[in-house]
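There are 2 protein chains.
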Amino acid sequence: MAVNAARFLEDLHTLRSFGASGVGKGVVRPAYSKADIAARRWLANRMEEAGLRVQFDPVGNLFGLAEGPSLLLGSHSDSQPQGGWLDGSLGVIAALEIARSSNRPVSVVSFQDEEGRFGVTTGSAVWSGHMRLNRADALTDLAGVPFATARATMADLAGGFVDASQFTGFVELHIEQGPVLDSERDQIGVVTDIVGIRDMVITFEGQQNHAGTTPMHLRHDAFQALATFNARLEKRFQKHLARRTVWTIGYVSLLPNASSIVPGRVSFSIQWRDSDPARLGRMEKIIRTTAKEVAAERGMTLSNGMMLGLDPVAMDPALRAALEAGAEAVAPGRWRRMPSGALHDATNVARLMPVAMLFVPSIGGISHNFAEDTDEEDLVAGLRVLDHAVQELA
Amino acid sequence: MAVNAARFLEDLHTLRSFGASGVGKGVVRPAYSKADIAARRWLANRMEEAGLRVQFDPVGNLFGLAEGPSLLLGSHSDSQPQGGWLDGSLGVIAALEIARSSNRPVSVVSFQDEEGRFGVTTGSAVWSGHMRLNRADALTDLAGVPFATARATMADLAGGFVDASQFTGFVELHIEQGPVLDSERDQIGVVTDIVGIRDMVITFEGQQNHAGTTPMHLRHDAFQALATFNARLEKRFQKHLARRTVWTIGYVSLLPNASSIVPGRVSFSIQWRDSDPARLGRMEKIIRTTAKEVAAERGMTLSNGMMLGLDPVAMDPALRAALEAGAEAVAPGRWRRMPSGALHDATNVARLMPVAMLFVPSIGGISHNFAEDTDEEDLVAGLRVLDHAVQELA
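Heads up: the protein sequence lines correspond to chains S and D, in order. Everything in the first sequence is counted per the working numbering, starting at 5 for the first residue and increasing by one. Everything in the second sequence is counted per the working numbering, starting at 5 for the first residue and increasing by one.
These are calculated hints, taken from the structure and not from any lab test. Errors might be hidden in some of the hints.
Said to hold, decoys possible - With a cut-off of at most 20 Å between alpha-carbon atoms, the simulated SDA-like pairs for lysine to any residue come out as follows: (1) 289/D to 243/S; (2) 239/D to 243/S; (3) 239/S to 156/D; (4) 29/D to 343/S; (5) 243/S to 222/D; (6) 243/S to 301/D; (7) 239/S to 301/D.
Said to hold, decoys possible - Here are a few chain D residues that sit away from chain S, every Cβ distance over 12 Å (derived from the structure): (8) 38; (9) 74; (10) 119; (11) 137; (12) 231.
Each residue gets a CB set at the ideal place from its N, CA and C atoms; glycine is no exception.
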């Protein structure tokens, strides 16, 4: 039985209504928010209607299980604080559509907290054994809420962890979240590997004081320490960065954050990504050394948060070949092989089984943004390539 | 009748109990908070017990009025987000003690929002005519609450604005909030002039995007724009700064402020202070030019908030002479003339009448901080100098 493109798109728009931001097609559905939990309850019902056995695990990962051995398809349904309607959702709804249209055994998953409210791809990290549950429970979000408290809000739904041995492999359809396919007018990207990521919160503690009476030379200004750290890092990274290496300071929190006070403390995130683990390690050394230097020079106390991260992962050749055959069948001459600069749950799942991924274009390369979007023709093309691969594999 | 030092200290500690932070002698009593309004009700009762006529004005400034012409003494009783127990409170309680112990006509004031939740010394700025009420009503705090909404929470207490013509002058006792008196082992500082201040919020809007898939050279990273602005400002200010010039970036707000997202927007405060209005003006030019440059270079849209500020003010010679005589009588050889690097309500009140100020030491120069403190002997010395001057003047 063929996939139903209309039903697929309708479900995709229905999922967007949970946490719809009111700005374009934007979505505000962070992990464990009311909107996120409501969306998972709705997904669970759709899975049951598709004849799948629903199981939530202790961290809120939602599975729709087929009888016996099966391929696992899916992604995540939580969003960034200001997210788009396709990031994660596309892979989950495509999996649902294939599970209910295909006569091959297909299971569906929506992982929890892929967007890292607490860590990095927290739900699949715990399920895959990459992170122990008690370690995850100690993680806190930027508001200081512990992961243990957040997942407890879904305790009424929780069953045990799902046995991974029933799955023959995992395939994730996702938007590219970058400019390549859109600018090259390609419709499909078959992923070769997923880059590795490192993520750490650093805190400088100086001296909070009056911004009018404290002479410049006597200050221990936490913001100025961050500015010096950032400038020195930029300089030292230059000769180490490859074409695809990226680093970001995306979160900054000053204390007390008032215009008349010399900031006494700053906590900020530093995140870096590359496909070469050795380069990730060299960058980590530079970051730690530079932070120590700046703290010493400016009379600050330094504390580094737990470093979260995942190593680069290559896609499984057999699954990848099936996706390439599907791409050539559905979008002949309009697909390419490419790496993933974004992190995905597939990185964790690779610890348990063979994994592969395919991309559809992101208009303007925009993602993690209310403006994120993709042509619906491309969404359906991605669905058909995935279905084609499943019919060949399962 | 002489001042009662024990009663003065007891009232000072009682005032601290409104919004006591639980950390040392810290206080959390921002303008219009529950604790601030409760403290003002308590102060109003103490003023009545002292035989003063209580009047709140439309912005929450609290006056205790003597019969006929009088000297006005006081300061403010609101605190910083994380403040100390003496900043403002000392001047209000000292004024209360002198009003009830002296047989000279003395009125007492506690101005509202001196700490600038909304602007800069908002309450005295409006009362003095430095800022029109409708302009003040349009100001918002960092959470977006309008001043009009905040002052409405005290509407039940509000009378009309107090006629300033009944006051012969204004004298404010305050902690130094700097290191000079403490390090020089002086007990009293008689203020010569108050430095001027400028304060502005600047916003850079770039492009929010995915921190893994957006190449470094294609980013419009708002945090990196702030870092460049800060570095360039530091360089350009060097040849313009005098010994006492200070500038501070104390407030920073990134959007969306998440580690996996290239920040699309940053709003931050830039505040600068000096005793020379011309220098303040030159610094403003550099700030505006540099912000324009950085925005242009990095493809950002730039918006500057309303600039708030006050010009430097010299103290009145006659009031100052009375304070110097009092200082010599109470702390012979242990007092000095000095400028005020901190802004005070006296700056606004100077538009209406002669003003003067005196300082007592801040231990370690620490203020705008839970750790702010002063030896109680020095607090009482300040009270006695103020009383001495009042007996001579009133």
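* Against the structure, test the hints numbered earlier, and report the numbers of the ones violated in rising order. => Failing hints, ascending: 1, 2, 3, 4, 6, 10 and 12.
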